[in-house]
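The chain contents come next:
Number of protein chains: 2
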Amino acid sequence: MELHIEDKKSLILAAYGKIPCDLAVTNIQLLNVFSGEVYPATVYIKGKFIAHVDIHNEPITKDKALKVLDGNQSFLIPGLIDAHEHIESSMMTPRNFAASVIVHGTTTVVTDPHEIANVYGLDGVRYMHDAASDVPMRQFIDIPSCVPAVPQMECAGADFTFEDILEVVDLPRVIGLGEVMDFVSVASAQDRMMNMIDTAKQHDLYIQGHAPFVSGRMLSAYICAGPKTCHESRSSEEAKEKLRNGMYVDARESSISKNVKAVWDGVKHMKFHDQLTLCTDDKEADDILHKGHMNDVVRSAIQAGMDPILAIRCATLHTAREIHAENLGAIAPGYIADFLLVDSLENIKPSHVFFEGELVAKDGKLCKEIEKKVYDLEQQNSVHIDYVKKEDLYVKAPIHEGKVMVNVMKYKTLTLSSTECIQIELQVKNGHIILDDPDLKFVAVIHRHNKIQRMSLGIVKGFGTVKGALASTVSHDSHNVTVVYDNVEDAWIALQELVSCKGGMSAVLDQKVLHTLALPLAGLMSLKSAEALSEDAKKMKEANRKLGLTQMENPLLRIVTLALPVVPEIKMSDTGYVDVFKREHIPLFVNI
Amino acid sequence: MELHIEDKKSLILAAYGKIPCDLAVTNIQLLNVFSGEVYPATVYIKGKFIAHVDIHNEPITKDKALKVLDGNQSFLIPGLIDAHEHIESSMMTPRNFAASVIVHGTTTVVTDPHEIANVYGLDGVRYMHDAASDVPMRQFIDIPSCVPAVPQMECAGADFTFEDILEVVDLPRVIGLGEVMDFVSVASAQDRMMNMIDTAKQHDLYIQGHAPFVSGRMLSAYICAGPKTCHESRSSEEAKEKLRNGMYVDARESSISKNVKAVWDGVKHMKFHDQLTLCTDDKEADDILHKGHMNDVVRSAIQAGMDPILAIRCATLHTAREIHAENLGAIAPGYIADFLLVDSLENIKPSHVFFEGELVAKDGKLCKEIEKKVYDLEQQNSVHIDYVKKEDLYVKAPIHEGKVMVNVMKYKTLTLSSTECIQIELQVKNGHIILDDPDLKFVAVIHRHNKIQRMSLGIVKGFGTVKGALASTVSHDSHNVTVVYDNVEDAWIALQELVSCKGGMSAVLDQKVLHTLALPLAGLMSLKSAEALSEDAKKMKEANRKLGLTQMENPLLRIVTLALPVVPEIKMSDTGYVDVFKREHIPLFVNI
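Chains as they are written, first to last, in our numbering: chain B, 1 to 592; chain U, 1 to 592.
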């Protein structure tokens, strides 16, 4: 953040003591993230910035500070920064998300609005930016780089080229190119991603990476192309290799992926960790509400054995450097006055949260409610599936009666999203496929973005539901409608539910709706607060468990990756089955 | 350094192993500055960049690398980077300087052509840039910010405003605003420096600081204004305070200022040192030739107790980050292939020096001579003192005979450059001041830049010369001609010497020239190689010692700061005595 030259002059003069600062926070133990020391100090703030840090017990007179806050010997630490996340994953609007995380001390997040961009394109990116423009925290935006995730293999609501970047690159809080996840194209220097990265660099964006399981020469090629960060290290070896190769490793602790311990185990022997950061990636409202946000990730790092001072540094200064934010993430003259008062460096529960020099939360409560605002996009409908008729949900065979051999997407376990393609012989009656094994389900992926009228049908094994139908408009990454069902009646009811609530998730059993979670904003997000949403999501989880999804810690997450054609080996999009490695289609019927 | 997109594609494909790299350096111990580890590896280079680092002993076939170098178990470390220096202080041209430092493993320097800018203005900056454009090392340029050092109190050959920055900001190797040394103006937010810094920031230059003895609130004010680096820490306390306040501390080991040990002692207790770097500031040809360059600074750091791996990191990765050079200072995919092979991490004598992927020095010798080139500025004369007549060197009193009270610039010691103002009664004969104490000398500062015809006269005590005259066109920072003398005959001869060799330094005793060191380039630099210059400088030192300057390790440096009006308390410029703190003139004669 650059100051206007007149404000800068005031800051300089306030630092020098020639004019008073606005606030002095005294009687605190300063955590200096530059040196790793903790010592008594008084921190002076002028406007949105830190002007001076006094360690000599200078008397705080009216000509030095207009207001004084006694820190009661608390630790003063920088506001926490999330290196990578998707706010959409909280299922909250940017404003409700802000209200939920500020109280936990997260003053900055770097969010990649990749999900809403797959629905609403650049309008979605602009909405995420604008809706957070006046909240008491900083939501930096990385422009989504891979919309859709796998071109030609799926149809999302938008198709980003490098020219699209130029449309939003000048928004004030746009700082980076979001996770460059098409590592196959990047490592083979294909034009689409080369142009995207080149354009981003020309506009001084940092390039955020995404390279799960990428290693050796492929990793080198990927890094040479530009991305210098990655939040996808799951194993110790992976984290070690990436740090050694000069990447920033964002150790992730999302609601579902807990990687912090493995990452730390892989790098703790190193002398230096200044390219290690922390992130949430995807965190649910319920988790945020009850466990916390970045403070919970820091706690995980400490539990994994990291020195608390290093853990806090990873979540502040390191991240600021990673995203090229020059005056963020530390307590020093000229730095943005985002800081927390905490009683303990191990259990980061902020009694006070300051954002840009203002007290915005105290003892877990916002000091001032965030003003309610209504945005056009929140009122729009994104579920355009009127063209689908009930009978379209029957899987029609090329024969009228008898048996056919079909390709089936088989999940390897009840918790992981990886799959394999197997072949099964199935009965056909009246031209329709009949499932005789309760572990087999029909699946339909229905284009919902008004670009085309197209749906695909397939068979899935080992998905986990026992009976009924489960439908969702949250369906990474193109977020078409996915329905898994054993009978058309239930599926049809679930789809009607989604249409009537403008998107979300619906579970139907024996023609009764167990629960519908309404996510009317892009079919991805609720307009509810964290508290209300958390209750709603609990009911939805319960309904999913009733359908049989009892193995996953969060049963909401089973259906949402079924149509993600970057998770090997076979996934399904609105274009049909996709061979993830070959990027080719697989037909439903074998040899026909 | 950004690659053209086609070169980048080649780099990516070479990293991936799809096309061959140009070179593989194998059988080495890689110092990984990111992690601080040392391990066996093979480093693959494509063009000017590192493509891949293999740690799995992949066979090096022709389809992977066109050439192979066996490192014989040497350590492979990044090329060394000098965080701050003035090439003019070596008294060599940029090309001769390059030849002298490359063999020691310095592949990048950040030079502030402040000295030549005080003589030739922007033409001087352009010359320093252009003359180094094709040498096998990287000479980054910081645009001088304070020309002259103290406006109104001296007249240099140029007077830089923020608009001058715009004239050179787009030169390819311009990266920063050079040491912002007018900290008094900066800390009081005065317009000249505010505009300078603001302009620099708008053009993405980093702001290099210079804040000797600045502490407390003044330091905070200075940092708030923009400078985030400082190479002027002399004491442990100073280094500690600056690091704590978020500055990069460039620990200096120049030919004259040895600060590395004090700096390290002040910060070694800290957990983190990632904003600690190393620099030479001012290093003589003789020193470079016989001791080394940045490798000698690294050795000093190790002798001061720093872990060798950290010391090397300070001189590579830390500096690259400080100057915002994204792909410099480390061995990793996508980084510039500047690296050294050394037998020991403690005694950094490179057997091989690679710059941008090419072997440029081996066993202390350049692999290829640097092409001789002649530049206009090297042929020009910068010593314009024809207007001075011999009789102008007599110090005339306001009375014809008798005694007058005069202000005298008194050096506090025979080695430090700090002074105080004392008052002495002196004899006057025939209207001229007579010196009756051999410790008193006349001094003249003569404007030489053709801007004005002006000289000032004064009396100095404790300078150190016993007899004769010493004259110099090297005279920080405005580089007018300074002469210290006890008789006008010798002084006149010395001045004639300087005129005839287009500047330099001359010592005259009993009307005989002891030695003249010719520095025809701007009156600051020789056109000779390090070897020849070193011999010449030795003779000059010897001559200075004969005049009585026996106390200083380098007697050349006594006269060059006499006219530097930023060193307290009293100095002298072409405008007369200057009160350094008050920035006011002091008259020669008391109460007249």
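Simulated from the structure, these hints should not be mistaken for laboratory data.
Beta carbons are placed, not taken as given, at the ideal position from N, Cα and C, and that holds for glycine.
Misleading hints may appear alongside valid ones.
[Claimed, not checked] Listed next, the stretches of chain U that the computed footprint assigns to chain B, with coverage defined by at least 3 CB atoms under 8 Å from CB atoms of chain B:
# : region
1 : 1 to 11
2 : 40 to 53
3 : 147 to 157
4 : 213 to 223
5 : 253 to 266
[What the hints assert, rightly or not] One-sided excerpt, in silico: chain U residues whose CB lies under 8 Å from chain B:
# : residue
6 : 275
7 : 387
8 : 462
Evaluation of the provided hints:
Under the rule that three or more residues need a Cβ within less than 8 Å of chain B, the assignment of the region 1 to 11 of chain U holds, with 5 such residues. Coverage of a stretch by a chain is defined here by at least three residues with a beta carbon nearer than 8 Å to that chain's beta carbons; for the region 40 to 53 of chain U and chain B the count is 4, and the condition holds. With a cut-off of 8 Å between beta carbons, the region 147 to 157 of chain U has 0 residues touching chain B; three or more are needed, and the interface restraint is violated. Closer than 8 Å: that is the beta-carbon criterion, and the region 213 to 223 of chain U has 7 residues meeting it against chain B, so the requirement of 3 holds.
Interface restraint, the region 253 to 266 of chain U with chain B: violated (0 residues with C-beta to C-beta distance below 8 Å; minimum three). For residue 275 of chain U, the interface hint holds, since its Cβ comes within 8 Å of a Cβ in chain B; the closest pair sits about 6 Å apart. For residue 387 of chain U, the interface hint is violated, since its Cβ never comes within 8 Å of a Cβ in chain B; the closest pair sits about 42 Å apart. Here the hint on residue 462 of chain U is broken, as its CB sits about 35 Å from the closest CB of chain B, past 8 Å.
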